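Please model the entire structure based on the sequences and the hints provided.
Each chain, written out:
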Amino acid sequence: MRQRLRRMIRKEFIQTLRDPRARTMLFLPPLIQLLIYGFAVNLDVDSARIAWMDQDRTPQSRELLSEFEGSGRFVIAATPNSEPEMQELLDRGKVDGVVRVLPGFARDVQRGRTAGVQVLLDGTNSNTASIVSAYSGQAIQRYASQVMTQRQRVKLVAAAEPLHPAVPQVDTRTRVWFNPDLRSRNYFVPGVVVNIIMLVTLSLTAMAIVREKEIGTMEQLMVTPIRPLELILGKTLPFVAIGFWDMILVVTASLVIFRVPFAGNFGLLCFAAFLFILTTLGAGLYISTISRTQQQANMSTFLLFQPFMMLSGFTFPIRNMPEIVQWFTYLNPMRYFMEIVRGIFLRGSGIDTLWPDLLALGGLGVIVLWMSVRRFHKQLE
Amino acid sequence: MSLRRTRAIARKEFLHILRDARSLIAAIAQPVLMLLLFGYALSLDVDRIPTVIYDLDRTTVSDSLIKDFRGSRYFEIIGEVRGYSPIEKDMDSRRALLGVVIPSDYSKNLSAGKTAQVQLLVDGSDSNTASIAKGYAEGLIQTYAERQRQQAQIQRTGSALGAPVEAQVRVWYNTNLVSRDYIVPGLIAVILMIIAGMLTSLTIAREWENGTMEQLLSTPVRPMEMALGKLSAYFVLGLVDMLISLVVGLGVFHVPMKGNWLLLFTASGVFLFGALAWGLFISAANRTQLAAYQLSTLTSFLPAFLLSGFIYSLGNMPYVIQFLALFVPARYFIDMVKGIFLKGVGLELLWFDFLLLVAYGVGIFYFATRKLRQKVA
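Here the protein sequences come in this chain order: A and B.
Quick note, my numbering runs 91 ahead of the 1-based positions in the first sequence.
Quick note, my numbering runs 12 ahead of the 1-based positions in the second sequence.
These aren't lab readings, by the way, just hints derived from the structure by calculation.
Here the structure is a predicted model, which means the values were calculated and not measured.
Each residue gets a CB set at the ideal place from its N, CA and C atoms; glycine is no exception.
Please note that the accuracy of each hint is not assured.
Unchecked claim - Label pairs and their calculated CB-CB ranges:
#1 Gly223(B) to Ser138(A): 49 to 59 Å
#2 Met462(A) to Arg34(B): 18 to 28 Å
#3 Pro175(A) to Ile37(B): 48 to 58 Å
#4 Ser123(B) to Arg233(A): 20 to 30 Å
#5 Gly207(A) to Tyr331(B): 35 to 45 Å
#6 Ile37(B) to Gln209(A): 28 to 38 Å
#7 Gln178(A) to His28(B): 48 to 58 Å
Shown next as structure tokens:
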């Protein structure tokens, strides 16, 4: 049994690594994926492009402008002079929003009336819009409180009260844990590791087996004295190795290239990855039993991968999903692995907080693998 | 070039598609599934942020701040705790995203007219949710502080000064800021790219791998005819997918459609043609289906999903990536689709995107047939 298994594994390795193109295909795609995902997946709005439409042109309106510029969150990309010009900037998507200071702004500020500043936002991307809205609200608020303090000082001096007015104020001190700079890369890159392991192991396993069926070499394998279990092990073990190799590659690259912090334990990460690969191999094996051609196999892979990735909390928080869908995500192995990987990278979590996820992942792995092996076995006989 | 031979190839490819019921079902189920997922389940809109409160002050003044938090739809108070360690535990186990700590001298400072402090603790691991949550919380406290200030002033001087400057925020195009409304139109592009790339990338590699290419070569069919024939079969399938996306998007999710239908269809057709031609090119360049499949996910699905401005805005990416994104056709198509759907703009603004799509389609088709000719010869 040992000998047959060894031969089978050797054959499998030779088959996957023989052709130089296939060799690069095993290692290059994960790296490219990491780079693209790592650089592209980013929901931060570092600097919003806004248009500044000043219809007042007074020292006061320029002060407001310097408040916007000084915040470091805005780039003034245009200064339109008319409505149609502004409309076109928004229509073309050249700016995320327009700040419009209406005529009479300085007069209102000086006379102690409430002066309005219009902020027109391009809501096409609702996420960006709500962030830009918060930024501009803050800038205007800062300007307002400056004016307020001045005004009060004037008023209180007139009323012959002490110069330092007793005005109740509330000051917020915000402290951000785990990811103090709020860099979304730190959150997304560990998630990419999960995606890549899933995609690589799932699709390779499924296609490698179906390929033998499609070109007819499965029959040849079956007339050899190899037993079904050995065949299964021989077909899947190489992909465990490849999955691990890809994980190490991607984790190293993400630490080196993206400088993502790694707060936790690498051994624990490997253990969790092993549990996760059990599930993906099981799923790959299952797809191979229901597909006759490689096209069918990869259509099924994709059909499976899509919802699993979307419902894993990778980009879209599980908290935001409808309750029924949230229940469904408990059946999603990627959800647990995502939680574990992010926990290990960002929070340095250990077994004490991650054990429920590890347990669920292991349980799912055993069940899926057992079901697929049984089905595969039956098909071989 | 003969129309009859092209038709024959198209017919053969059609039969292939129709006979393989499972792939056909997958090709139709894929868009429906993605639409349902994105339409119903996935959202970036942040509300009901799970919040814990640690109130050391415990007076009616601090209570009124807590009431503001309770009343806001953006926060959900999951508990009031005593001490920092329960907050830490709730954040570690991801039960809470936000902790609000009100210090013991809070009401004393406020009534003395001094500056009172409120501490916010935010779980920053999901930075997007965190920064939006932080913005909401700071905004809420700001409004609260403004109210306190006015009350104090009324007590002291009998009248309150109004706020000197006020932001009037107006949102255009997607007035209610629903993330679904910008995701669903872009999804059409992603779906077309996936289907086109996945189906056509295997079509020629399969003939090589199964040895049927030799049979095809012995017929009088020319590379150009083969390419057009294969393309037209998948073009029909792609159009079906597009119709499904439109019907579901408009009928089920009520995504607003402000622009011109004809332009939408023409642009989709041109984009689909380009995407299919790209699949064909990959297929002609690779002899095994596995390689063709991997290359097509890498060059069609990933860029369409990530480098197109579909969810992640291009402006935030490093310049190298922004440069790469210039070569992603889905990006121009998504630009057009969002413009047509949400802004209702027409060809007068979108002509350049459209022109690029046409050029891309024609160019790639030319390269695909050339590659095919090389391989065949």
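Hint by hint, here is what the structure shows:
1. Hint check: Gly223(B) to Ser138(A), Cβ distance near 57 Å, so the stated range 49 to 59 Å holds.
2. With their beta carbons about 20 Å apart, Met462(A) and Arg34(B) fall inside the hinted range of 18 to 28 Å.
3. The beta-carbon spacing between Pro175(A) and Ile37(B), approximately 50 Å, falls within the hinted interval of 48 to 58 Å.
4. Judged by the Cβ atoms, the range 20 to 30 Å given for Ser123(B) and Arg233(A) holds: they are separated by roughly 26 Å.
5. For Gly207(A) paired with Tyr331(B), a C-beta distance near 38 Å keeps the hint of 35 to 45 Å intact.
6. Taking 28 to 38 Å as the suggested C-beta distance range, the pair Ile37(B) and Gln209(A) does not conform, at roughly 52 Å.
7. Distance hint for Gln178(A) and His28(B): a CB-CB separation of about 50 Å, consistent with the stated range 48 to 58 Å.
In terms of the numbered hints stated before, the structure departs from hint 6 and from no other.
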